[in-house]
Amino acid sequence: MIGEFRIKTDGPGCHDFTSAVADWLTEGGAENGVLTLLVRHTSCSLLIQENADPDVQYDLLNWLGRLVPHTDHPSMHWITHRDEGPDDMSAHLKASVLPVNLSIPVHQSLMMLGQWQGIYLIEHRDAPHERRVAACFQSI
Amino acid sequence: MIGEFRIKTDGPGCHDFTSAVADWLTEGGAENGVLTLLVRHTSCSLLIQENADPDVQYDLLNWLGRLVPHTDHPSMHWITHRDEGPDDMSAHLKASVLPVNLSIPVHQSLMMLGQWQGIYLIEHRDAPHERRVAACFQSI
Amino acid sequence: MIGEFRIKTDGPGCHDFTSAVADWLTEGGAENGVLTLLVRHTSCSLLIQENADPDVQYDLLNWLGRLVPHTDHPSMHWITHRDEGPDDMSAHLKASVLPVNLSIPVHQSLMMLGQWQGIYLIEHRDAPHERRVAACFQSI
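Chains as they are written, first to last, in my numbering: chain X, 1 to 140; chain B, 1 to 140; chain C, 1 to 140.
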């Protein structure tokens, strides 16, 4: 089965949509197979990360901002793509090193995630966006 | 269906092969399912990124070169793998943080990419190479 | 078919489990399709990288440690997630930029890996762990 998730974001952040995905699998009668997710944008990411301590998400966003500063930071003076604002090219760079797609085995209707794993959309842009994630479940 | 793409590169660069993939799906009669791509090398990458402004690709390559300089740069003095030239270990490191495989849902014969997404092979080595990308389309 | 690999680790390292995966495919009678692997943890990674010179793995681990130092390093003073030791948040950050899942086309019972590609579990934590990797093979 094929579908799409829509996620509203409001600046850089980690949006846990694990339960929406789990519900979609259950409602569609998925049993055994593989779930594929693909975010349809080039300035946000998908990520499986810890779902327990929110500090992990806070530190992750902070670290990404230090790894790839906004392009009005002096260290980024050499950037040429500047038409869409100081957060745009840094968003593309973050989106290049974090996943754009995820593939998750499903067993007996449950994603085979570990106990501490959640599925996140990571927003890299400063302004609010509605992000679209394509989904496909394939039975084996 | 299973196939392979061959892409000739000529030093570091971003090679858009989206249309070759789309043609392969169309010619093979693919309708609904998932496309899997895997680059069969450890010193280049696959990436879905913006297909509009070429400056994005230029900045991406520049940023990767700053994140992981060639190993004749003083900051990389601690590197031990040097037999294949100063661009080799940095290529392996870039290839470790960018994707080696992509999974893309296909709906009604079209990849569910966003409007601004293209599929790229990113070459990290300095010399020309012929790169091979394995492909598999699975119907649902 | 669906399965799981268990890999014992003993501090940061690269664990090649390519042959275990190949054996699992052969024993299960896999012929043509796609193999999906998902590591069920948030502080280790999966990676396809060079299987020839062990120096590549040594340099990779060293580079990751320089990219994301342990959080008792002065440069990481701003980290908030500290309850699980100085290696924990750096492990989550490494696990965010390296793959959590891999998708590998299989043709005539063989993974379509390149000659120099091996499948690795990369341990980011200091203490020994038993790591679990979910696996699914889908025939086409």
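In short, the hints are calculated from the structure, not lab data.
Among the hints, a few may not be true.
To be verified - Derived contacts from chain X toward chain B, CB cut-off under 7 Å, selection only:
(1) Arg6
(2) Ile7
(3) Thr9
(4) Leu38
(5) Leu61
(6) His70
(7) His73
(8) Ser75
(9) Ile79
(10) Thr80
(11) His92
(12) His107
(13) Ser109
(14) Ala134
(15) Cys136
(16) Ile140
Stated by the list, open to error - Each pair of labels, with its calculated beta carbon distance range:
(17) Asn62(C) / Ala127(X): 17 to 23 Å
(18) Gly29(X) / Pro54(B): 31 to 37 Å
(19) His73(C) / His107(B): 44 to 50 Å
(20) Asp55(B) / Glu130(C): 45 to 51 Å
(21) Asp72(B) / Glu27(X): 52 to 58 Å
(22) Pro54(B) / Pro74(X): 45 to 51 Å
(23) Gly29(X) / His107(B): 47 to 53 Å
(24) Arg6(X) / Gly11(B): 26 to 32 Å
(25) Pro54(B) / Arg6(X): 35 to 41 Å
(26) Gln108(X) / Pro128(B): 25 to 31 Å
C-beta: ideal position from N, C-alpha, C; glycine also.
inquiry  = I'd like to know which numbered hints this structure contradicts. Please list them from smallest to largest.
reply    = 1, 2, 3, 5, 6, 7, 8, 12, 13, 16, 17, 18, 22, 23, 24, 25, 26
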